[in-house]
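Each protein sequence line maps, in turn, to chains A and B.
Per UniProt numbering, residue 1 is the first one in the first sequence, and the count goes up by one each step.
Per UniProt numbering, residue 1 is the first one in the second sequence, and the count goes up by one each step.
A couple of the hints might just be wrong.
[Unchecked claim] Here are the computed lysine to aspartate or glutamate pairs in the DMTMM-like style, where the Cα-Cα straight-line distance is at most 20 Å:
| # | chain 1 | residue 1 | chain 2 | residue 2 |
| --- | --- | --- | --- | --- |
| 1 | A | Lys96 | A | Asp42 |
| 2 | B | Lys235 | A | Glu287 |
| 3 | B | Lys120 | B | Asp262 |
| 4 | B | Lys235 | A | Glu265 |
| 5 | A | Lys95 | A | Asp344 |
| 6 | A | Lys235 | B | Glu265 |
| 7 | B | Lys96 | B | Glu122 |
| 8 | A | Lys235 | B | Asp262 |
Quick caveat, the hints were computed from the structure, so don't treat them as lab data.
Number of protein chains: 2
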Amino acid sequence: MAQVSRNKQVILTDYVTGFPKQSDMNIVDSTITLKIPEGSNDLVLLKNLYLSCDPYLRILMTKDTTAELGALTPGSPLTGFGVSKVVESRDPDYKKDDLVWGMTKWEEYSLIPTAQILFKIEHTDVPLSYYTGILGMPGMTAYAGFFEVGSPKKGENVFVSAASGAVGQLVGQFAKLHGCYVVGSAGTKEKVDLLKNKFGYDEAFNYKEEPDLNAVLKKYFPEGIDIYFENVGGKTLDAVLLNMRVHGRIPVCGMISQYNLDQPEGVTNLAHIIYKRVRVEGFAVFEYYHLYTKFLEFVLPLIREGKIAYVEDVAEGLENGPAALIGLFTGQNVGKQVVVVAHD
Amino acid sequence: MAQVSRNKQVILTDYVTGFPKQSDMNIVDSTITLKIPEGSNDLVLLKNLYLSCDPYLRILMTKDTTAELGALTPGSPLTGFGVSKVVESRDPDYKKDDLVWGMTKWEEYSLIPTAQILFKIEHTDVPLSYYTGILGMPGMTAYAGFFEVGSPKKGENVFVSAASGAVGQLVGQFAKLHGCYVVGSAGTKEKVDLLKNKFGYDEAFNYKEEPDLNAVLKKYFPEGIDIYFENVGGKTLDAVLLNMRVHGRIPVCGMISQYNLDQPEGVTNLAHIIYKRVRVEGFAVFEYYHLYTKFLEFVLPLIREGKIAYVEDVAEGLENGPAALIGLFTGQNVGKQVVVVAHD
Numbered sequence: 001m002a003q004v005s006r007n008k009q010v011i012l013t014d015y016v017t018g019f020p021k022q023s024d025m026n027i028v029d030s031t032i033t034l035k036i037p038e039g040s041n042d043l044v045l046l047k048n049l050y051l052s053c054d055p056y057l058r059i060l061m062t063k064d065t066t067a068e069l070g071a072l073t074p075g076s077p078l079t080g081f082g083v084s085k086v087v088e089s090r091d092p093d094y095k096k097d098d099l100v101w102g103m104t105k106w107e108e109y110s111l112i113p114t115a116q117i118l119f120k121i122e123h124t125d126v127p128l129s130y131y132t133g134i135l136g137m138p139g140m141t142a143y144a145g146f147f148e149v150g151s152p153k154k155g156e157n158v159f160v161s162a163a164s165g166a167v168g169q170l171v172g173q174f175a176k177l178h179g180c181y182v183v184g185s186a187g188t189k190e191k192v193d194l195l196k197n198k199f200g201y202d203e204a205f206n207y208k209e210e211p212d213l214n215a216v217l218k219k220y221f222p223e224g225i226d227i228y229f230e231n232v233g234g235k236t237l238d239a240v241l242l243n244m245r246v247h248g249r250i251p252v253c254g255m256i257s258q259y260n261l262d263q264p265e266g267v268t269n270l271a272h273i274i275y276k277r278v279r280v281e282g283f284a285v286f287e288y289y290h291l292y293t294k295f296l297e298f299v300l301p302l303i304r305e306g307k308i309a310y311v312e313d314v315a316e317g318l319e320n321g322p323a324a325l326i327g328l329f330t331g332q333n334v335g336k337q338v339v340v341v342a343h344d
Numbered sequence: 001m002a003q004v005s006r007n008k009q010v011i012l013t014d015y016v017t018g019f020p021k022q023s024d025m026n027i028v029d030s031t032i033t034l035k036i037p038e039g040s041n042d043l044v045l046l047k048n049l050y051l052s053c054d055p056y057l058r059i060l061m062t063k064d065t066t067a068e069l070g071a072l073t074p075g076s077p078l079t080g081f082g083v084s085k086v087v088e089s090r091d092p093d094y095k096k097d098d099l100v101w102g103m104t105k106w107e108e109y110s111l112i113p114t115a116q117i118l119f120k121i122e123h124t125d126v127p128l129s130y131y132t133g134i135l136g137m138p139g140m141t142a143y144a145g146f147f148e149v150g151s152p153k154k155g156e157n158v159f160v161s162a163a164s165g166a167v168g169q170l171v172g173q174f175a176k177l178h179g180c181y182v183v184g185s186a187g188t189k190e191k192v193d194l195l196k197n198k199f200g201y202d203e204a205f206n207y208k209e210e211p212d213l214n215a216v217l218k219k220y221f222p223e224g225i226d227i228y229f230e231n232v233g234g235k236t237l238d239a240v241l242l243n244m245r246v247h248g249r250i251p252v253c254g255m256i257s258q259y260n261l262d263q264p265e266g267v268t269n270l271a272h273i274i275y276k277r278v279r280v281e282g283f284a285v286f287e288y289y290h291l292y293t294k295f296l297e298f299v300l301p302l303i304r305e306g307k308i309a310y311v312e313d314v315a316e317g318l319e320n321g322p323a324a325l326i327g328l329f330t331g332q333n334v335g336k337q338v339v340v341v342a343h344d
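Isolated chain A, as found in the complex:
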């Protein structure tokens, strides 16, 4: 007879308005039968190990989101990227104890469509949690956004916002490896120190302590910005637009400063898109997963040889998941925010 297990879950209590708060999520002790139901051969049973806290989740917590990224449903567990171990699979591609990453749920065990597994994890000489970050969706986001959308050239001037975050810390290092001059912004002194001392940014500043973002950008980019890797939107974007170089590119990865606002901030300097022939381009990482093998060939040696730094902020236990996720939007996290459900 199939084993029944406790299944702790993080449930979305209701659609979120404004900043997400603890009461928007609820920890419940559910149960799960550790067996794929008869006739459900398209499902896989996973034990979740690491969950990824990503800013885009906030977009999916809004009712009638116009984002075509799927949505979260009140009363159900959160859905998101995670690293999991296969408990049972009827798909020949996956067998018991395989490690995988893809779209799972915020709970201890998940029964999900096999199609939601994105990749089997083949390289385990690196921490498994890395597959929620540098080796997972954020890593691919940094890679595709910088190299494919940004079209960087050696010697170009690159600015990254949210620069110590999961994606930003990688974009900055990729840009340095590519021979670019790189400046990052972040929201605390600790993060600014990380940018300069750990991630190798040429310059970094705390945007919360700069009353004039235009002036600070002019100081660090006297010749202007070739690539702005956009993670935040709002006032930062507005100041950047005044400082773009001709044929500059703005890969738009996220606008985290705007997700919690009822009325987003107005950006006023868009005419500079004409003056400087700037290309502003939104992208979604899932359109670039065909490059994942190529990406691993690029990034795994860098990790193994210590040529790239990677900082994680690890919350232990599913019950600490909501606070970890909420912390993204107040800048609590330092580096990639991960939630550990189980270590193996």
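Here the structure of chain A is known, so what remains is to put chain B in place on it, guided by the hints.
What follows is chain B alone, placed relative to chain A:
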């Protein structure tokens, strides 16, 4: 001895703030010696026939413009696109009585660097004034912006603002010829009628009579917009962003609604650039002039066979130039605004 002629000029009196007004420009009777000075073999002497009123001129009337398009200088004649006849040239490429178009000045005769001539006019079976519009910079702008930047596909949904203007009227017709569904916006009933009855737009509306631009776009684009040809910026852009389709493109040609504002309007819906993976791209026509011959091969047959309509708004006499230019910003003009300096 060289002939001395009267040379009526339109002088910029001072940098402009807010909407340009009659007192920002002055008509003066100057004189000119109709002879290229000795040693100035890089200059050409032109008799100006038709001058082009273009929205971008407003940008150049601002002090310390950050636009890298050159600037206008108070106390000097306006500079802009025009059709001219060569009076004297020491360049073997141009001889007396050749017709040319390029960057000239708002005056009867101009002594300018030969390099400012863009093209010799080879086809004179069409009205010469067309080289300020459909066969000149605005025509190339519509062509490059729509086909090169917009990357249109047959059957796509296209929205054009300032749709009856010099560029807009052509974009709409190019889009129809390409097999697209095309909707345009303009600011008077007369212009809306033109869009539907003369330029063949599938639908058109008067943005000044629509309290809810988002709603009207949803009505005309139930499946969303693939290409928005951006001429106006501000509120229209903000509503468009809510209605873009996945992988939509926004060639940014101009933002005429913003040029006269001390503080541009804030655009709030930029996060939709991420949600829909939209590409917003500023462009400048001068980077596409290498396509001019190809463009003429495309558009001249359309004109000769009556397959494209073209509406000009002609102001007679240089003294009526300032009012014609000012009228662009209040929507006085119907179609391409031209100033006739001389008919031959």
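Comparing the hints with the structure gives:
With a C-alpha separation of about 15 Å, the suggested pair A/Lys96 and A/Asp42 falls inside the 20 Å cut-off, and the hint holds. Taken as a hint, the B/Lys235 and A/Glu287 pair is broken in the structure, with Cα atoms around 31 Å apart against an allowance of 20 Å. At most 20 Å may separate the alpha-carbon atoms for a hinted pair to count; B/Lys120 and B/Asp262 exceed this at roughly 39 Å. Only pairs whose Cα atoms come within 20 Å are accepted, and B/Lys235 paired with A/Glu265 is accepted, the gap being roughly 14 Å.
Simply put, A/Lys95 and A/Asp344 have alpha-carbon atoms about 16 Å apart, close enough for the 20 Å limit, and the pair holds. With a CA separation close to 14 Å, the supplied pair A/Lys235 and B/Glu265 stays within the 20 Å bound. Distance check on the hinted pair: B/Lys96 and B/Glu122 sit about 14 Å apart at the alpha-carbon level, within 20 Å; holds. Proposed proximity of A/Lys235 and B/Asp262 is supported: the alpha carbons are some 18 Å apart, at most 20 Å.
In summary, the numbered hints that this structure violates are 2, 3.
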